[in-house]
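Protein chains: 2
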Amino acid sequence: MTATLNKPPLSSKLAFSNYAATQRLKALAANPPDLTKPGVLTPERLTKYSTENAGYTILFGTERINDEILTALKELAAESKALEKMKKMQAGEVMNFINGYPSENRTVLHTAMRDFFDNPQTGKAAAEATALERKELDKIKAFMEKNDQTNQFTDMVTIAIGGSDLGPKSVHGALNFYQKPNRRVHFISNVDPDATARVLRDLDLKKTLVSVVSKSGTTMETVANEAFMRAQFTKAGLDPNKHFISITGEGSPLDDPKKYIQSFFSWDFVGGRFSTSAVYGGVLLSFAYGFQTFWEFLKGAHAMDQVALEPNIEKNLPLLLALIGIWNRNFLHHHDLVIVPYSQQLEFFQSHIQQVDMESNGKRIDKNGVAVDFETGPLLWGQTGTVAQHSFYQLLHQGTTIAPLELIGFKKSQYGLDNEENGTSNQEKLLSNLLAQAIALAEGKSSDNPNKVFPGNRPSHIIFGEQLTPYNMGALFAMIEHRVAFQGFIWDINSFDQEGVQLGKVLAVTILSQFEANRKKNSAGKPFPLGETLIKKLKLL
Amino acid sequence: MTATLNKPPLSSKLAFSNYAATQRLKALAANPPDLTKPGVLTPERLTKYSTENAGYTILFGTERINDEILTALKELAAESKALEKMKKMQAGEVMNFINGYPSENRTVLHTAMRDFFDNPQTGKAAAEATALERKELDKIKAFMEKNDQTNQFTDMVTIAIGGSDLGPKSVHGALNFYQKPNRRVHFISNVDPDATARVLRDLDLKKTLVSVVSKSGTTMETVANEAFMRAQFTKAGLDPNKHFISITGEGSPLDDPKKYIQSFFSWDFVGGRFSTSAVYGGVLLSFAYGFQTFWEFLKGAHAMDQVALEPNIEKNLPLLLALIGIWNRNFLHHHDLVIVPYSQQLEFFQSHIQQVDMESNGKRIDKNGVAVDFETGPLLWGQTGTVAQHSFYQLLHQGTTIAPLELIGFKKSQYGLDNEENGTSNQEKLLSNLLAQAIALAEGKSSDNPNKVFPGNRPSHIIFGEQLTPYNMGALFAMIEHRVAFQGFIWDINSFDQEGVQLGKVLAVTILSQFEANRKKNSAGKPFPLGETLIKKLKLL
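Residue numbers (the working numbering), protein chains in the order written: chain P, 1 to 541; chain G, 1 to 541.
These aren't lab readings, by the way, just hints derived from the structure by calculation.
Quick reminder that beta carbons are idealized off the backbone N, C-alpha and C, glycines included.
Treat the hints with care, as some may be off.
Derived list of chain G stretches under chain P, where covered just means 3 residues or more per stretch with a C-beta under 8 Å from a C-beta of chain P [claimed, not checked]: (1) 14-20; (2) 106-115; (3) 163-176; (4) 237-250; (5) 278-292; (6) 367-376; (7) 533-539.
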């Protein structure tokens, strides 16, 4: 089999395109329910299209679905064996591969990192992974308990990039009500020297613990930022080796007792974007919130892992979300998914979901190496509500491109502090806006003034929980992880590698060698005419 | 003329669709340059398609354009009288209107807020607006100089939402090297009570100045958050009236000397999303950085206002960017625009651009009230590079949907602090990545392994400046503002209103009245079956 650029081989028979359910859904998409028609968006509809599990309710009556479409979507899940693949993943079968080509060929076991509660997996690979993780958790617990006694470190700087940065950062932001006094966490991910300079500005290095995160120990940004930070400690007359810990693979350059107080290990079966429930999140969250808070997060994530194994699709929240997403993406042909949490604590959550979803499912070949003839992962972005309402909702309501929304909300605020003004609390105002937007987007509004016309039929759903606790944050986290995995299973793509980031890395190193060559005033750099031209054009040397 | 839902009246003759240049561009779009072909993406091409003005270089050789396309785009600018409309806007003609329907009918004079330097506008409306603003700037200067002497207030909380929040916040983040010691700014915009609770957590109210921002003085979120904050001052035994200032319209409920130490005024000819160079940004930036830094920001913005009047399109950077965007949006049919500043200081900049662009150009009717038959403003989102590379670049390189990029970079870092590792500095690593990505996205790469195939032809351009100084930040800010305005001029839509945010507001108030009615235990709330159902379903009462 020879791969060609952009075109699938003639022999291709892409599973997703050939399911009977796919054909059925294509036909149904020609005439989806019109939510703007009087009598369609009724109270009964909103009640009917809602489901609840593990503390979360999903309201999807404001999506352009009906019973026929739901039935066909369930058939799609069955034909693609979505649930079986989820079971295999959690049990520890090899899921990260491409048939017939060199690939990572790995198990995918982030669920094993939180399999400490009810109904543990019994498969060998999964159980072994959980046992390995328990040792690391014990190390974290001991390390942090000691620090809580001595109070040696009050500030932690994490040096990480990608999922191992954005995931923990999003949870850190979300749970700050639970944060210990006298604990601060600072994030450095960008190789931009200003990212480090800015963090240094307000830092007392004497009280600072630096956590360096890289499984391979060779990530360009992280290596450079670690060296930069070590130099600051040395400049300040401090021994960096007494201030640094690492999160890495055993045997990597970061697994070095001379340079790190301690190393916490992870493995190739936990991808960076699924690493928040592994030591990546564990070290950070235990430092700032205490181990018990992290444990609660794991418990919530595990509860959602169980939900993802639920055969009744309407109770399997991640699978239901995956199917709704596929309906919007492949059949209604919407390119984007907009995440709007009506919770300011989830300020960084869209950056995390964006990373998980787009790096996992932004793929162009299926698991047999055949270029797909259908759309895969959406362009995903967002902002918190109500902020988003005063930002891009103008376009969502009246723009020419329809972008489906995922709205997230909680009945109670996290801090519990509130104020009544004009007869209602801030929390009530927040929730009224959340509900109003789902209805307004779907129903639209006609008017004699064309500028006041709202076309409607703009799909959204609401994920609703009781309160943003560590447990519920864990469950929400896992809900999104499994939504992403289910979509990959249904499309039959490999959601667990990231070959698409390689080319840019290679070219960056080539251009970098020209900077280096110039610095050394010799011609050691490999010539790369395009990079050289840009360097000259921008007067960079 | 009667407006109908979704369909333009038969009599419509939409200007944009009927330009000769539009027809020409449609034809050219059938066969855009293939940047993956050997010999296309050459050093000569990169040099040729680049231009420089006011301290910024734009490199657009990695867009799918050629000479013919550029010529047609210039014709489009001419046919749509884009430049004449920019001149009219800056001179103070009424630009915010819809022909034949009730509309705001206003001038659009954010440029007058910074017209203190060379070549001032001579038109009456513009000159008057500038004179009004000068008085407000004098008030800001005096107020802040006094505070700098007494050091009464060390912390400022701004309560604002939408453009008047996101714009100043993005500049505040970007210039933090210039921040005064002992000055901190906190942002509350979301009506979520946790947004306020979180800010209160670390605040010494005795040293805190609260700036309440609402032109009308009636924005739901801001009114609620102000009341919430005032209650905290009272609870702490402090008189809120001695801690609050307002930024508002003269005569609004916020223009009240009993309740505010001072009020700073704005007018209906400065929209919230264009308000950063008005008092909205002035108060915040003068508090944190000193008036002189804000003045430098204004100077840079004004320099770009002049560039936007430049008749030579290749020297008119905002117009050139507008045309490239229209090429990608209307002719290559890309729905999104991804903003990636290779500068961590611009962390919040994409949220600002997102607001400016999507609220301005997310429109479905033209200036005659006719529903458009072409695409208007794109879905716009982003993340800083190199962070984005480890997040969504997988999809940008190998996903099934192409999303054009706007890359932004600076030759020098802001802090000037750096470190050499493996022969190069962090800044050099940052810039190598920026350049490499533009090339990788355009050129792609073939491979025998289908998972290592990069299809290429993914358009991007680079906006490049010397350093992120206050002046250059002002120029960049205005570059984006004018890019957005030019696109609106070319599409012949009204970029200056936001009717699309009204429906959600109205429905939210209706749902809110049900919370209120329940609280009062009577039936005063207007019944709204959909809202009521959701409230019951989610067990909110």
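Going through the hints against the structure:
1. 14-20: violated (count 0)
2. 106-115: Since three or more residues must qualify, the claim that chain P covers the segment 106-115 of chain G is violated, with 0 doing so at under 8 Å.
3. 163-176: holds (count 4)
4. 237-250: violated (count 0)
5. 278-292: violated (count 0)
6. 367-376: Coverage by chain P holds here, the residue count being 7 at a Cβ distance below 8 Å.
7. 533-539: With 6 residues close enough to chain P, the hint holds.
Violated hints for the displayed structure, listed by number in ascending order: 1, 2, 4 and 5.
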